Every structure is written in C-alpha cells, then in structure tokens.
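Asks: Chain by chain, the residues:
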Amino acid sequence: MNPIKKLFDNIHPYVEEGGKFHAFRSLVDGFETFAFVPNTTSRVGSVNIHDAIDSKRIMSLVVIALLPALFFGMYNVGYQNALATGHLADATFWGMFWYGFLAVLPKIIVSYVVGLGIEFVVAQWKNEEIQEGFLVSGIIIPMIVPVTCPLWMLAIAVAFSVILAKEIFGGTGMNIFNPALITRAFLFFSYPSAMTGDATVWVSQDTIFGLGYKAADAYTAATPLGEAAQAGFTGFAPETIENAITGLIPGCIGETSVIAIALGGLLLLWTGVASWKTMLSVFVGGAATGYLMQALGLTNILWYEHLVLGGFAFGAVFMATDPVTSARTECGKYVYGLLIGFIAVLVRVLNPGYPEGMMLAILLMNLFASLIDYCFVQSNINMRAKRATLK
Amino acid sequence: MAKVIKLRKGLDINLKGKATRETLTVGCPGEYALVPDDFHGVKPKVVVKEGDAVKAGDALFVDKLHPEVKFVSPVSGTVSQVERGDRRKLLSIRVKADGKQEARQFDTKGDVKALMLESGLFAFLRQRPYDVVANPEDMPKAIFVSAFNSMPLAQDFEYVLQGQEAEFQAGLSALAKLARVYLGVSAKQTAKALTEAKDCEVNIFDGPAPAGNVGVQINHVNPVNKGELVWTMGAEEVIFLGRLVKTGKVDFTHTIALAGSEVKEPKYYKVKVGQKLTTLLNEKLKIKNEKSDEGSVRIINGNVMTGLKTTAEGFLGAHATEVNVIPEGDHADEMLGWIMPRFNTFSTHRSYFSWLFGKKKEYVIDARIKGGERHMIMSGEYDKVFPMDIYAGYLVKAIIAGDIDRQEALGIYEVAPEDFAIAEFVDSSKLELQRIVREGLDILRKENA
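Chains U and H, in that order, are what the protein sequence lines are. Number 391 marks the last residue of the first sequence (my numbering); no jumps. Number 1449 marks the last residue of the second sequence (my numbering); no jumps.
Bound conformation, chain U alone:
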C-alpha cells in the first residue's frame, strides 16, 4: 500500500466524529482529496460510471492559465522599479524578476492563508468538503491590486469578500458576485488613496532584501488610462500601446500584459473551462462602444486601445468568464458579454472621476446575469405553454 495513503488511513480515526482532533477534519479531508482521487463509488440508483473531470481539475486549470500573467507581472514590478529609479540600464532580467517575486509573494500568501483559512473553518462548521473555488480567487486577488497595497488591507478585504460575498450565499457555486472583484471593490471604496491615489501606488519604490532600487523622491507614474483621464489628453503615443501589449506599463500586478493574458485565455478556451461566447462578446462589446465613443468625439482613445489598456483584457478573460457569476444560458452569454464590454468603456469615457471601468462593469453584470438568463429560460417556458394550449 502507498505509504502516503497509509498515513492518511492512520490519521483518519483521530479526525473523525468523536476523535481527538475532530476540529481538523476538513483540513485532513482537503489534503487527502488532493493527494488521492477519492475511492468513493457511485450509489445504487445513480449512474454507475463517471467522467474523470471534477472541480479540482477545473479550478487547477484556471490557476495554471493565470501563471503567465502572474510571472510576467512579477517581472514587470521589477522593471517598473528599475525604470522609476533610473537603473534600467544596469538591472538584470533575473534581478527584476526576483524583486517582483519577493514583492508579490507575500500578497499571494496572505490571500491564500486568509481565504482558505475561512473556507476550512466554514467547511468544518457545516460538515462539508472544502470547495475549491477559492484556489482561483486566491491567486486572482493579488494580481488585481497595485503592488504597494498594504498586506493588512488585503487581509481585511479578502476576509470581507469570502465571508460576505461567498460563504453567506452558500459557498462556491451559489455566490452572486465574483469574490475576487468584491475584494477589489472593497479596497477601492474603502482605501481609495491606496488603490489609485496620487499615482504613487503603481510602482514599488523601495528595495526588498537588497534587491531593486530605492527612489530618491516619491515617484509618480500614472497608468496610461489615468493619463488619458486628465485634461488636455490628445491621444497615446504608439509606443505606449506597444508597451501595453507586451505589458511594460504601470498597473495592477497581473493585468498589464495582453500577451501573457492571451496565453492563459487560449488554455481556458481550448479546455472549454471559459466560454468563448462570453469572452468574445466582451471584446466585441468593448470595441464597438469604443469605436462609437470616438466617432462621437467624446474621447481621443481609439477602440483597440480600450481593449489593451487597463484591466479590460484581464477582466474579459478571467473574470467575466467565471461560470458561477456569469450568465448560464448559452444565448445569455452573448448578451452578458456585450453589456460588460459596453459598460466598461462607457464608464471609462464618460466618468471623469475614475479612469477604469472593468471592475464595475463586471460586478454590475453579475447582478444582471440572472435577469438575462430569466428572459431566455422564460422564452422556453412560453414556448412550452403555447404548445400546450395550441393542442
């Protein structure tokens, strides 16, 4: 018998009902189901064989899809630090990457410890299995905050969103809003200066364990979208857009590189974890609205610039496609996606106070997703009712 399996078998009596360490049942359970595919077989009266796919594998895939953007984000944190302090010429690739790695890692740890800690407690309390949903949220959250976001703020925001946006609704699969976006919205409205503020938040300005460089004065670097929101903006220089595609611009940790996001997006589409209908519609909606706004003379940002700047691509690929909070009917996904693209660009162009609109657009459409579905399901119901009366 496998020694690890034996170890779990030995632990079992202690954590079962009435055992000494019963309080750790959910924890042991969680680790065991990750170590081994459960040997439980189907009950009498249900289907005898099952597809090998389960939510663990699906959630792990999303995490893998996020890795390119995360690793690039780490590199970019170091790159922006070197750029701001004027040391770009003597900075090495690995130096910049390790600097960013050390800057981002604490955020990932805090996010997972706080979020998974709450999940374990709730699972123990409700006598359920651990749900895997937070594996994804826990890695998305550090990627959608500025690099200078204090850890205590992150911890409070994660706790708020896991408890109030997810667990009180019944856990993964029952939540109305995307927990990662609720974390960001909480930070944004509670600590606005730390999230956009005076444009000092986007670039890490200090050394970490001797890596990186210290800025002499407080360095301000606005995101390109922030620049565009200021008065007298006439349009982006071509290299800004090039940098936005490769990702070498200031911004939230994981959202800057369109190329890295596209790699993850392709994996999600190929495996069918994310719906191509939702993803495509978000881009189409955003592009069409951007084109319209520019044609009406309301903005100097071109339609394709909207798609590559800020959190648009990241939101479209990883957040709008969250199966739980997005529309569930196949036709509804088109409407849902188009409206996200539309609202995101609308907020960017027409709202002078806040240059980014993706977060609010997705959260708003999370709220309306069930209404969209309702309309499509209702049409099926009406068809059936009509068929019955025609006879």
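None of these hints come from the bench; they were simulated from the model. Since the model is a prediction, treat every value here as computed from it, not as a measurement. C-beta atoms are modelled at their ideal positions from N, C-alpha and C, and glycine is treated no differently. Be careful, since some hints might not be right.
Cβ-Cβ distance ranges computed for the label pairs, FRET-style [as the list claims (entries may be wrong)]: (1) U:GLY45 to H:GLU1165: 32 to 38 Å; (2) H:LYS1359 to U:VAL28: 39 to 45 Å; (3) H:ASP1086 to U:GLY117: 41 to 47 Å; (4) U:TRP152 to H:ASP1086: 56 to 62 Å; (5) U:ALA388 to H:LYS1270: 20 to 26 Å; (6) H:LYS1359 to U:LEU105: 44 to 50 Å; (7) H:THR1311 to U:ALA388: 42 to 48 Å.
What the simulated footprint calls covered on chain H by chain U, stretch by stretch (three residues with Cβ under 8 Å from a Cβ of chain U suffice, anywhere in the stretch; the number is not a length) [stated by the list, open to error]: (8) 1341-1349; (9) 1419-1425.
Mind docking chain H on chain U? Use the hints.
Replies: Coordinates of chain H only, in the frame set by chain U:
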C-alpha cells in the same frame, strides 16, 4: 419514407467489453423472482402463498390501487418465498421452476387491453409523465417504442430481433389497437422489420446517445404537454406481446447482452425475466470472488448508465436488456488526480487526453465518482448531452428547490431519470441527477394525485 431526425447533442461513451454477436442459452431451472421495485409506482399486493403451484402467466402480485394490473410468473413451478424487508416492504416473490414450462392459456380473441391486463403484459407499459407503470383507466395520446438503446454496452436490438420479426410486428399491431404507435429506429438499423414496420409511424433518429431513449424521441416527435400522457414499451416487451397474441401464452424469454470489461467473453444469452443471475454469471467473470477486497467488480442489473448495482445472488430485472459488469475501483488510490495527465482515463474534458486518441479507443471505466459533490459550478455541461428543448440545469435546480410550478413550466413531464444519465456522467459537480429527478417525479406525482 420515414422521417429522419438528426440529433447533435449527446455523447457516445466507448466502453470495453461489448457483446459479440453470438447467442448462448442458459438452462432454465432454478429460482426466479419478480421484484416489485422494477415496476415503479406500484403498490404491490401479493396474491399467492408460499407453496402455491403456479403456471407461467399466473399472477404473483397485483397493484393495490388497480387490482386488474397483474404481475405474473415467468415460469411454472412453486412459490418458494415471499421476501419482505423493513416495515414488511415486499422485496421479491420467488418461484422455484419445475422445468416443465407449463403456461396458462389465454383467450386472444377479445379486447387487447383486457388480454394484456390478465396476462401481465400491461405491467410492462410505462407512462410519461412520472415514468411509472401505466394506469389502465387512462387513455394515452400515443404509445412510443424505441427500437434501439444508444447507451454504452447496450443490447443490439436489431441482432436480437432476428427470427422474431413476425412476433415484433404482431406486438406493434396489438398496441396499435390501444393508441397511435410511434416506433423510433436508429439510422444505423436497416432491418426491414424495423424501417418498414406496419401499424405504426416510424421515425429514424440519427445521433449520439441518448438518442435511443424513448423520452428523447417523444420530445422530438410528439411532446408531452401538461395534462397529456403517453405510454412507452420496451422493444423486447413488444415481442413478448407478439408471442402472447400469436400463441395465447406468455413467454418472457429474451436475449440479453452480458457485457463489460470484467466479463471474460461478452456475448448474448437467452434468459427469462427474473432469472437468477448466478445461472448467467457462473464462471463468466474475470474475477471469481467479487467480494474480495482488491479488484472487486460491480454487477449491474441493466445498463451501466441506468441500471442498479446488484450481486450475483440478484435476479434479472424486469426491464433489463443487458447485464453489465465493470470494475468497482474502490481500491484504485490514484494519486494527484487533479494535475496528472491520466492518459488512460476517459473524459469529455480537454484537460484529459482522450480527445487525442479518437473515438475508436475503448475505455475501462470503474464505478468511482472521481470527485466530490459540489454545487452546480460550470454552466452548459448538461445541455451539451441533453438533446431535448429543455433547460436541464434549470430543471434540476427547480427540482432541488422543490418548486413544483417551475418544474412544470420547465418540462418535467417530458423527462425520466434515464434521460439524465449522460448528463450525470459528464457533470463535474458530481450531482446525482437521476436520483434527484426520480425523487422530484415521485413528489410531483403525489402532489398531483
């Protein structure tokens, strides 16, 4: 020319151990049993005592609410046991066969319905909504028969039909006296007895499983609306009816497939309804002791997708057209399943690699659920394999929530648990859809009674 209905949604699961086209006969002595649970929705009332002598065609139990619906002995012999469980629930009535094959003679000249009721054939009719035994007082708008089963490891009815074409046609013609009959034929079936069957409307279905489910066929041909009802009958049961009409005797002999990866030589066997499985399985399984810890097997009374787990001591189900045997898999101890490539694992999901090996590769799938039960997370999983114009996910949610009005609106009257079998297979949240639907239908039936 019959109408061809093309179905795109669904999934063919290619399992190892398909039955080869060869039929063997299993000797008939031994014990037979009629299990009331095979006839869903019936409150059984026993009409024989232990020790009574019965002929094939004599009633063993009747429905308490409709005593004219009789459930008859498949063989002649003596009643050896009336088995009861908790709260005196009737589990089975066993008959020890005497090997004489004496059958009661029925008068075939009169009304078909009366003949079917008296001879126990009516008990094989199922009604939709609710997927229960039909009520003789009802007038169905149609009777549906599916001539094929598209599920993995299923019996090939076209093969079984060979030599029994006349009986099959006689059965269809008898049913046609009750209501309009629709016959669903697969695009792969070419037998004239099917494609040119008389006294019925033939529809050809072209598509993956569950195209052979009679529920799918009803939905596409003549859907059930609220207040309407249709009856359904298995294709082999139509042959039983044909024999009865022709000879005046019941003969529940049928040819079932013994298939699955754990069967030594998967073949067809001539058996009778209610036959003890030991007579069939004797020495034919790869593992002798199915109770041993490692590598035990699961014997399924019926199809791998819809049948019930049983033991070698069990009895062949009334509606079973195959017995499938697969590995139980409860000692597999597969490590790190969430990330390993698992090349030999079948999945519809692209994160596994079965898409790489094409549709010809045969898989051994064991009975593990392979994941924990979760809330419904992914969307559209069911719809991909559910070829009806019903929002399957929303219907399941309405059933879980107990919202009867919404269940009705979403089309619960058109479905049976078996229609959800493939959706249950692909579900990444591992919900027990067939059980959920069965319970939902039972509650709804009680509420509407």
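Asks: Work down the list of hints and note, for each, if the structure agrees.
Replies: Checked hints:
1. Taken as a hint, the range 32 to 38 Å holds for the pair GLY45 (chain U) and GLU1165 (chain H), whose Cβ atoms sit roughly 36 Å apart.
2. The given range of 39 to 45 Å is respected by LYS1359 (chain H) and VAL28 (chain U), whose C-beta atoms sit roughly 41 Å from each other.
3. The hinted range of 41 to 47 Å is satisfied by ASP1086 (chain H) and GLY117 (chain U), whose Cβ atoms lie roughly 44 Å apart.
4. Taking 56 to 62 Å as the suggested C-beta distance range, the pair TRP152 (chain U) and ASP1086 (chain H) conforms, at roughly 58 Å.
5. Look at ALA388 (chain U) against LYS1270 (chain H): about 44 Å separates their beta carbons, and that is not inside 20 to 26 Å.
6. Against the hinted window of 44 to 50 Å, the Cβ-Cβ separation of LYS1359 (chain H) and LEU105 (chain U) comes to about 45 Å, which satisfies the hint.
7. At about 45 Å, the CB distance of THR1311 (chain H) to ALA388 (chain U) agrees with the hint of 42 to 48 Å.
8. Coverage of the segment 1341-1349 of chain H by chain U holds [criterion: at least 3 residues with CB-CB distance below 8 Å; count 6].
9. Check on the segment 1419-1425 of chain H: 3 of its residues sit with their Cβ under 8 Å from a Cβ of chain U, so the three-residue criterion for coverage holds.
Figure legend: structure checked against the earlier numbered hints; the only hint not met is number 5.
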